[in-house]
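K.L.:
The primary structure of each chain is shown beneath.
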Amino acid sequence: MSDEKDLEKKKAAAAAKAKAEALRKKKEKEAEDKAVLENKAKESQEEKILSQQDPNKKESGEDTDLAKKKAAAAAKAKAAALAKQKRKQEEASDSEDQASADDELAKKKAAAAAKAKAAALAKQKRKQEEASDSEDQASADDELAKKKAAAAAKAKAAALARQKRKQAESDSDDSADEDKAKAAAKAKAAAAAKAKAAAAAKKKREESADDAKEPAGEDEKAKAVAAAKAKAAAAAKAKKKAGGKKKEQPKEEEKPSPNQPVLDKYVKVIKEHVGEDVFEDAYINRLSKHVPTLVAKRDTYYKIAQFLKFNDQLGFDYLSELHGTDFETHMEVYVHLFSFRNKQSVALKVKIDRDQPEIESVADLWKGANWPECEAYDLFGIKFLNHPDLKRILLGEDWVGHPMRKDYEPHDVEV
Amino acid sequence: MIRTEEMMLNVGPQHPSTHGVFRLVIKVDGETIKEATPVIGYLHRGTEKLAEDLQYTQIIPYTDRMDYLSAMTNNYVICHAVETMMGLELPDHAEYLRVLAMELGRVASHLVWFGTYLLDIGAVSPFLYAFREREVIINLLNELSGGRLTFNYMRVGGVKWDAPDGWIEKVRDFVPYMREQLEGYHDLVTGNEIFLNRVNGVGRYTKEEALQYSLSGANLRCTGIEWDLRKHEPYSIYDRFDFNVITAEEGDAWSRYQCRMGEIEESLKIIEQAVEQIPNDGQFMAKVPRIVKAPKGEAFVRIESPRGEIGCYIASEGKKEPYRLKFRRPSFYNLQILPKLLEGENMANLITILGGVDIVLGEVDG
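Chains as they are written, first to last, in the UniProt record's numbering: chain Y, 1 to 415; chain G, 1 to 366.
Since the hints were made in silico from the structure, they are not lab data.
Be careful, since some hints might not be right.
[Stated by the list, open to error] Cut-off 27 Å, straight-line C-alpha distance, at most; resulting in silico cross-link-like pairs (DSSO-like, lysine-lysine): (1) G/K319 <-> G/K160; (2) G/K319 <-> Y/K289; (3) Y/K255 <-> G/K296; (4) Y/K349 <-> Y/K391; (5) G/K49 <-> Y/K349; (6) G/K287 <-> G/K340.
Generate coordinates for the entire structure from the input sequences, incorporating the hints supplied.
P.N.:
Listed below in structure tokens is the structure:
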């Protein structure tokens, strides 16, 4: 009996959470319906694929935080649904296998909530219903969980929808197949996006759920509703997040950067005076406040730097920053210059060989580059040719190796 | 003629006038410095290396320990870098809290400089006054963040929590109090003839040299270059405030003193406006994913710290940790000019010049 009490408590808690989330989701959905729709479509496709295939093997390329969160939420919901199904069929006691593997607290919390819900649902289901087939979702990797979650969320939504239909008998639009695949398909179709489905389901559920939850005999409905809401909320969140990002970036990319003419000018002037074939690349770095970025060829780096400094039109008289980076395929030196004359910034980069990192020093152009170059030598082993006094500046003179290199192994194991 | 010979002398690494662990190897001939070689790295903690294994939010406490006299600007620069990459818009309330915290920090930082600098060159009592006022600010920031020096207050997308009840009023009351005290400082120090004789014309450099050596902050403005990133590359909400960029013309220690004291007043102006403008909606966090991930790519942002231009470079692979994190630490850059300034100077001016550059060794060494 204590199990039942626990279950009831858990169910109630889960339902409450789910409702709260659902409310939030609705608000958000209303605001971001369009974005959600797009995302839903994408997600539903992914979910279909995932649900048809082995969910563990599929990784979608878009790991966004939202996706993760959604996934976590979805995973929980899925887990619950799966657990229910399994239990129904197998009468298993192993419903708790998949709860243990979440790394992150948020995930854990969500997972815990999901488990509780799932357990409650499973009990109810077993008692009352029979389920179709069960899938194996025991592996609880986060990424998998995310993907799974998306798929699971759909599946759950479908399952929930079924349950609702059965119980409420109020929905006639869905043909009541009980295969998961069918359910997933339904879920997808019903909600070209989850959000839609979720929203619809929520509304229905809420209507029926509010009635159903209060009467003590209809815990199942309440649970199902709660689960559906939770899923929908997670899906909606994920969609919103993903949608928001997607929306913003294309917008930015549509209009040319305000610094594009500046970049064009730099490239033109430099090509006229230094040579046609001096750049590997020249672009606007939109992530970095639209700074014009010039990627010099190894041999022309110093010439370009010299030109940037002494040309009357450009006049980059101030070196703001110089540092190295180990990109494993190559080393890179990044120089951020500023022209007080034009109040303009430019980023100058050069890729150099990682095994023999050597590049001309610009310390004779900007004395401020002296110590930064020492720092890059100290931490990355980049040799700056013609540097006035290249030495280890931060680490001791007897230090072995260059610790910021990605392949660095500490010389003294004890340290 | 008295025969003299060159002597090697270590200043530091443990010496109070170096304000940290900083060693200066000098060659003196009699009282005259022939050559000075700074030796740094004693406080190098490998922040950038450590950061490659940390999530963005976890890096923030490390930034507190770079420029520990103005940790709020350090907090801000990394948050700002990640926010710039993510394209985040912050709620106004959060922006105002950040600006208040940063400007209070700027005043506190300049007060430390003022007190210790005068202590270095022989005036004891200004130190006591400056630290008394600084304590008021530290208490304010303590109420806000829970820390006196290492605040760890800002987050990607906002701040850790809202200001406690009545805090804004306390800040509002602080401004006239500080102005009054500032007048006292000027009476006590600024017109003092001994002080003027110690700083006037000492450690002078030109505009061109300042640019050549990548100086920033008051070290740059003291040569007459009007350049303040708050004004000229506005970030956060600094374009909403009316304040001046303080410059001086001489490029000597006296000019740097004038700039920094003027900046305290300008910061007070900003604080005064910010407490009037701050919206009362309690929105201190933008909508941010629980796990912050900067999008793939790279970004370099720079802002104005009390010591100059502090920058943050992030190369991201879209993960929750940065692939490469680099701080442009103004003290590190500003210190490069020291050997040039010291060459040929009298020994007695060494501390005047070093103190005038206003370095924090935690920042020099990263």
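K.L.:
Give a verdict on every hint.
P.N.:
Outcome of the hint check:
Straight-line distance between C-alpha atoms of G/K319 and G/K160 comes to about 22 Å, which keeps the hinted pair within the 27 Å bound. Under the criterion of a C-alpha separation no larger than 27 Å, the hint pairing G/K319 with Y/K289 is consistent with the structure, at around 21 Å. Taken as a hint, the Y/K255 and G/K296 pair is honoured in the structure, with Cα atoms around 21 Å apart against an allowance of 27 Å. Distance restraint check for Y/K349 and Y/K391: the Cα-Cα separation of roughly 22 Å lies within the 27 Å cut-off, and the hinted pair is therefore satisfied.
The straight-line distance between the Cα atoms of G/K49 and Y/K349 is roughly 21 Å, inside the 27 Å bound, and the hint therefore holds. Restraint check: the Cα-Cα separation between G/K287 and G/K340 comes to about 49 Å, which exceeds 27 Å; the hinted pair is violated.
Of the numbered hints stated above, the single one contradicted by the structure is hint 6.
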